[in-house]
Amino acid sequence: MLLDAFLALLDIWVLVAAVFGIVVGIVIGAIPGLGPTMAIALLIPVTFSMAPIPAITLLLGVYQGAIFGGSISAILLNVPGTPSSAATAIDGYAMARKGQGGKALRIALYASVFGNIFSCLALMMLAQPLASMALSFGPAEMTTLLLFALAVIILFGGGAKLDAAIMVLIGICAGIIGLDPIAGTPRFTFNNFALENGFQLIPVLVGLFAMSEVFLQLFNRPKASAGAQEVPELLPTKVGLAEMWRMRTTMFLSSVIGTFIGILPGIGSTVPAFMSYSLARSRSRSRDPSSFGKGAAEGVAAPEAANNAVTGGALIPTLALGIPGDAVTAVILGAFMLQGLAPGPFLFRDYGVEVYAIFEALLLSSIPCIIFGLLLFRVAVHVIRIPPRHLFPAITILALLGAFSVNNSMVDVWVMLGAGIVGFLLRRSGFPLPPLLIGLILGKSLEQSLRQALLTSGGSLEIFVASPIAAGFLVTIALCVIAAAVFHLRTRNKSEKSATGNV
Amino acid sequence: MSFSQFKKLTLALAAGVVGLTALFASAEEYPSRPVTIVVPYGAGGTTDISARKLAAMAEPLIGQPIVVENRPGGSGTNAMRSVAAAKPDGYTLIATTSSPLFVTPALRPVGYDPVKDFVPILNYSGPFHGVLVKADSPYQNINELIEGAKSGSTLTYGTAGAMGGAHLAFTSVSRETGADLQHVPFDGGAAATAAVLGGHVNISLVPAYRDLVQDSQLRLLAVLDGTRDPDFPDVPTLKESGYDVEFPSVVGVVAPAGTDPAIVSKLEQVFTQVAASDEYKAFMAKLNQPVRIMTGEELGETIARNLETYRALAKEMGQSK
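Here the protein sequences come in this chain order: A and B. If you count by this note's numbering, then the first sequence holds residues 68 to 570, one letter each, in order. If you count by this note's numbering, then the second sequence holds residues -19 to 301, one letter each, in order.
Simulated from the structure, these hints should not be mistaken for laboratory data. Take these hints with a grain of salt, some might be off.
Stated by the list, open to error - Result set (SDA-like, lysine to any residue): computed pairs, CA atoms no more than 20 Å apart in a straight line:
#	chain 1	residue 1	chain 2	residue 2
1	B	K266	A	I244
2	B	K219	B	G128
3	A	K228	A	D247
4	B	K266	A	D417
5	B	K130	A	L522
6	B	K266	B	V193
7	B	K295	A	L214
8	B	K295	A	D247
9	B	K266	A	V306
10	A	K165	A	T252
11	B	K114	A	V306
12	B	K67	B	K295
13	B	K96	B	G280
Next comes chain A alone, as it looks inside the complex (with noise of 0.2 Å):
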């Protein structure tokens, strides 16, 4: 079956859609505010016409092309350009401020080629056991699950942890606009029918990473003149294989986490990446604890290997029940039905040798994702050398038309706008914003499975003890707090004892 499928990726027109989709996928994903929903999406109609591999090939490739994409702005400009890249951002952009622009990006490619190819296996050899074990996620064990999101977040990803909790909180208080998940009703729209749908993730992204940056750099401006800002040299960029080699734990255990939540539905990839990114900080902490959120290597390849991990993991109940979880793999689910393979269980009964050959042709567009990925940089690094005055207006028109297209709303501007100005405010004042993302993305999912647990156990709370799934998590909880209450007590000790020996 698998060399058939491999007879069958000996057609031209797999390899040119499978460099077309990755190339598309990487400019679309670059873009702030074009994600791999709308790229796909404009695709399908392109994909009419042609057989079903090479169709599907470039719409997965696509996919993912879209999610490593979204580093490259972040890391050369600060600017997310998709929600799964803001944790990328964090030690990638610092990287780029120390001329290793280059050196980041390609940790980023390496780090998401692993991450595509560890989750693509996993799709291929465990879809069925995976799916099934997706099915046992019901409402209360989502719940425990999106509070364990959420601890580590808090608890691990860095800054003060008070702040952190804070930033979520409003995160989660946003999401109650709109309507409400259970009853139906509208909640602070003001009869606004715009705001119905509640505060959409992209504008809210848009705003606080881009209009926030471009706020700041308005606002920087009088103390140096345009000309004397000082233009970050490029370093030389070479990444050893040492050095990934050195990562191979990070990037497994981000892969792992990676796939396991995109198979769960409607969490997607920006969670896994900070989970991840939050992870790979706190091991780290016995080896070189400071330089996380300064420009460490670990920080870019963690969240990347996370996030472009998710497209394997998401597709595997899109394909194995024709159940996706969010709305990229319900567009692909639709692109795989309009090509006669319908996703279900009879998906690979029926089409094996077409999904296997899908799948090795995922596995080998890693070949063209690295040689394009790395003939971009040479043209993409000089982007840091833009001037601001020219680069700001740029960022601004993209923000704008981004935040526009999610629905063709004005309404979703001017949330861009509004969400600018609190990212402007919250990163002049020191407060952390990926807490603030991660509150917003889960919040009504949060609330929605607790009420749907509720709901299926007619109020009792046992619900969320009967199951060991979710008895397990709550006791993870437990644990992290434990920990980091414990770690936290520990180095205050510390440096009071170090604070009295010098007196």
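Given the structure of chain A, go ahead and fit chain B onto it with the hints provided.
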């Protein structure tokens, strides 16, 4: 890819030729410029893809390009509102579904009146919604299920979202029969399907169940529509099983009210011809969507009748404002 370009070129040429002849043959000037069909959901979904195919196949027949425009948001009501306000000249149409036509407007103010602000052109699809239980569930048919829910144990049912047509339909069943059915809304039909497969709810009321039923992972007990699903001719409708309720799923084209009746009838004729063609049926079969043709008049009646039913139901549930 060169093939697709070639195909597009021939299509464009064909459209041009047919367009010219139409211009001379028809006394009517409509359409003399491109027609827009708004889709109230995102690009790439089944409503979008089926509308795009319908448009592409109708282009050569009306002799003008048909542009499909996605205007998602507000469960489809945003697009409905903008089309209701559009000029009724036949150049702005909307391919829309049950939820913004007669479910949401019955529940809360949406800024348009589905009956007064639109003139129906035709119905061409509508996925069947089923009553599904897990294959190892003890309930073999819908009556056993309802009896089960009447004998002391609460049964939970998942739907694609709060206050959707399926939710309202089952609320009505529960009221009529006194069955203890607890609603659990999910974020879309896919999530509700996953929940019943995982055993987190007892029942799910969802579309797109064919393969999972044929694979014996789920059991189909009844359909919510007024007619049986041709894929499962032995499974009764709720009405046939003795419950006086139905949730007809429609996907149709409507135009703003005030559109010239001659234009409406021309569009109805063209779209009906396309929807009834074998090519369109084959295309829809791939999408796992049925082709269900209703005349504009029938669609209008369906909308008006169900709007009333749902309004009454919503009022009873105390949700209407």
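Among all the numbered hints in the text so far, which are the ones the structure does not match?
-> 1, 3, 7, 9, 10, 11 and 12
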